[in-house]
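**Student:** From first to last, the protein sequence lines are chains H and X. Quick note, the first sequence lines up with residues 1 to 323 if you use my numbering. Quick note, the second sequence lines up with residues 324 to 629 if you use my numbering.
It is possible that part of the hints are untrue.
As the list claims (entries may be wrong) - Stretches of chain X that chain H covers, calculated by requiring three or more beta carbons in the stretch to come under 8 Å of a beta carbon on chain H: (1) 325-333; (2) 528-536.
What the hints assert, rightly or not - Below, simulated DSSO-like cross-link-like pairs (lysine-lysine); rule was C-alpha separation at most 30 Å, straight line: (3) H:K158 x X:K534; (4) H:K129 x H:K35; (5) X:K446 x H:K35; (6) X:K380 x X:K404; (7) X:K392 x X:K380; (8) H:K163 x X:K446; (9) H:K158 x X:K380; (10) X:K404 x X:K417; (11) H:K163 x X:K417; (12) H:K283 x X:K534; (13) X:K392 x X:K404; (14) X:K417 x X:K446; (15) X:K380 x X:K446; (16) H:K158 x X:K446; (17) H:K35 x H:K158.
As the list claims (entries may be wrong) - Beta-carbon label-pair distances, calculated as ranges: (18) H:P268 x X:M324: 52 to 62 Å; (19) H:W30 x X:S457: 18 to 28 Å; (20) H:L47 x X:K380: 53 to 63 Å.
It should be emphasised that the hints constitute simulated quantities derived from the structure, not laboratory data. This structure is a prediction, so every number in the text was calculated from the model and none was measured. Each residue gets a CB set at the ideal place from its N, CA and C atoms; glycine is no exception.
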Amino acid sequence: MQSLSPKVLPTADVTPDQLEQGSSLWHDAWARLRKNQLAVAGGLVLLVLTLLCVCGPWFSQTYQDQNLDLGATPPGASHWLGTDTLGRDLFARILYGGRISIMVGLVATFVALTIGVTYGAVAGFLGGKTDRVMMRIVDIMYALPFTIFVILLMVFMKEPSEKLDGWLRDTMHLEGLQGVGNMVLLFAAIGAVEWLTMSRIVRGQVLSIKRMEFIEAARSLGYGRRRIIFRHIIPNVLGPIIVYATLTVPAVMLLEAFLSFLGLGVQPPMSSWGALIKDGAEKMEEFWWLLVFPGSVFSLTLFSLNFLGDGLRDALDVRASKD
Amino acid sequence: MLRFIARRLLETIPVLFIIVTATFFMIRFVPGGPFTAEKAVTPEVMRNLERAYNLDKPLWRQYAGYLGKVVFHGDLGPSFKYPNRTVNEIIADKLPVSLELGALSLAIALAVGLTLGVLAAIKRNTWIDYLCSSVAMIGICVPTFVLGPLLVLTLAIHYGWFNASGWYGPIDRILPSLTLGCVYAAYVARLTRGGMLEVLNQDYIRTARAKGASEVRVIFRHALRGGLLPVVSFLGPAIAGILTGSFVIETIFQIPGLGREFVNSAFNRDYTLVLGTVILYATLLIGLNLVVDIVQVWLNPKLKFE
């Protein structure tokens, strides 16, 4: 805590506006984060990539536009990153795939976050026997081969998810929502795996904060339980939650790409970075650019997310305790 | 110590039971059987097939029968997709390949990771530290399914130093285990650096230096033992990751291992093979996690067997 300056005790001849201006945790953290060049660079790269993926497809041709006469052309002036074997522009496809990859990353992280924070906060706050049982369950689940279950889930729930698609199309008359069932499945499967670490972190934080003196002070001032939870405990747990959410996003995107690479994740006609890499790896002997560009963009995103996450962790001064 | 191991072993029984039960019923409640993909067969043939594989009996009978065989005979049943082969045979055939790949990858991960991590910690805040840390970051951010094909593209196809795929001679072991080991080498390097830095600041290291112990002795005899703790606790997740990571590696390099067999069996709905592999992987993981826990306590007497 190097930024803490010694508090000047107010004496009678000091007017209130001469008192030192306190700076909040978030203010300090922001100042520290800005000094970390790698984290700032990571954040900027992410911002640019996200903007490109969200807005880019409005201006370029669509990811499905085929030009079979063209076939696979190497990168050049008309197609910056080349085209795939069906003559589809790779740049446009990477932007579209990015939409899906980023969306999966954010939504699945949100699912994991919701489950993890609720579970951890309840266990930590209730304490005692409830806490022991709840955390023992988490311990046991940690030992399970979860990736295997996600694979099984993706394979075996394929038909039900296709039925959901059909129902959306036929009964609800929602066109253009093909593959939604599959996406929902993906969110659920990944979210169900990634909440464990989050619940441990939140529980640990809540446990230690619950015993701190400022909580005692709040209690002795007669504040109610709700006020203590929302005004005092939650803001203090927010730091670690943000940090680990930032670090969960790359983990989730990696898992999605892993599944897509095995042919289990996002299905055509939709595409994600993982699916593009799979496609590229199959054709790399003749068409290297199909592998190199999607792979680079994906790695760059993971880089940025990790640097940003590490920077946030340092800035918010979260104890580096993995799981 | 013995009580700790006994308790943990007892705990694994219900866990394994839940895994088997959940997988068994998850597979069965999903539409589409192992024979639906084949050409339309006459109802008679279908009935005969189902009788041959006990699929005509009520579900709970099938379940009880399967469980009994697994528990009392270690018999995982016949495969649905490979006629005349049992799951035990397939596993005995493919598992050694996956284990070899996993062991080699783990060895690479530890050798490279520990070297980089210790170097970075000793030469803290010099260019060596920055170089080691950047290499580690690259290892973490370039996933295996990008790194693997890239290595094949450059080293195998372009330069022709290696075969692009296959699992025949010793040279075929290099690229796959390097690819799989890289990611975990990166994590090990980061954890080692962090652990070593923390330990090197402690009083007993200063005492050792004050007593005139050489720097090499200080690092290898005194610091490394404590500095390795984070690495040891990471070994559990690392082993799990290497096991599942081999699914992708075996697909990329076309290695006839159990990982690829598992993914295929899930696609083929080869019920017994899926169940058998899941049981095997779960047992393997839980067992290895127990070993890791024991090593951890042995290295750090402060942690008591709870």
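**Student:** Honestly, which of those hints from before does the structure not fit?
**Tutor:** 1, 2, 3, 4, 8, 11, 12, 14, 15, 16 and 17
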